[in-house]
Amino acid sequence: MTHTHKAKPDKFVDLGWTHCVTPEDCAARPARQVAHGNIIRTDVCACGATRLTEINGGRKNYGAWVDHA
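Reminder that position 66 of the sequence shown reads as 65 in numbering that gives the first Met the number 0, one-by-one numbering, no gaps.
Hints were generated in silico from the structure; no laboratory data involved.
Honestly, I wouldn't trust all of these hints.
[What the hints assert, rightly or not] Derived DEER-like restraints, expressed as beta-carbon distance ranges:
(1) ASP24 x GLY56: 18 to 24 Å
(2) CYS46 x ALA26: 27 to 33 Å
(3) ASP13 x ALA63: 17 to 23 Å
(4) GLY57 x PRO29: 15 to 21 Å
(5) PRO8 x ARG58: 17 to 23 Å
(6) ASP9 x PRO29: 32 to 38 Å
(7) LYS10 x ALA30: 29 to 35 Å
(8) ALA26 x GLY47: 26 to 32 Å
These numbers come from a predicted model, not from an experiment.
Positions of the beta carbon are idealized from the N, C-alpha and C atoms, including for glycine.
Required output: the full structure, derived from the provided sequences and hints.
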């Protein structure tokens, strides 16, 4: 199901970086890889949808919102 409203992150969890959250985009645009290597943040919308974001020294690489309903 597609996340259709404007997301409002309600909470988040940070874990160590383990993988690229947008591998197709990073393969096509290697400049996006600067966000690799530090943490992966899981943003949780008030509706329950989640999004993974890579964060490394101020650089961010946002994944897509995933609706879990």
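Here's how the hints hold up against the structure:
1. Taking the beta carbon of each, ASP24 and GLY56 are about 19 Å apart, inside 18 to 24 Å as hinted.
2. About 31 Å separates the C-beta atoms of CYS46 and ALA26, a value consistent with the hinted range of 27 to 33 Å.
3. Between ASP13 and ALA63 the beta carbons are some 19 Å apart, a value that agrees with the proposed interval 17 to 23 Å.
4. Restraint check, GLY57 to PRO29: a C-beta distance of roughly 18 Å satisfies the suggested window 15 to 21 Å.
5. Evaluation of the 17 to 23 Å hint for PRO8 and ARG58 yields a pass: the beta carbon distance comes to about 19 Å.
6. Separation of ASP9 from PRO29 is about 33 Å and conforms to the stated range, judged on CB atoms against 32 to 38 Å.
7. Checking the proposed 29 to 35 Å range against LYS10 and ALA30 shows it holds: the Cβ atoms sit about 30 Å from each other.
8. The hinted range of 26 to 32 Å is satisfied by ALA26 and GLY47, whose Cβ atoms lie roughly 30 Å apart.
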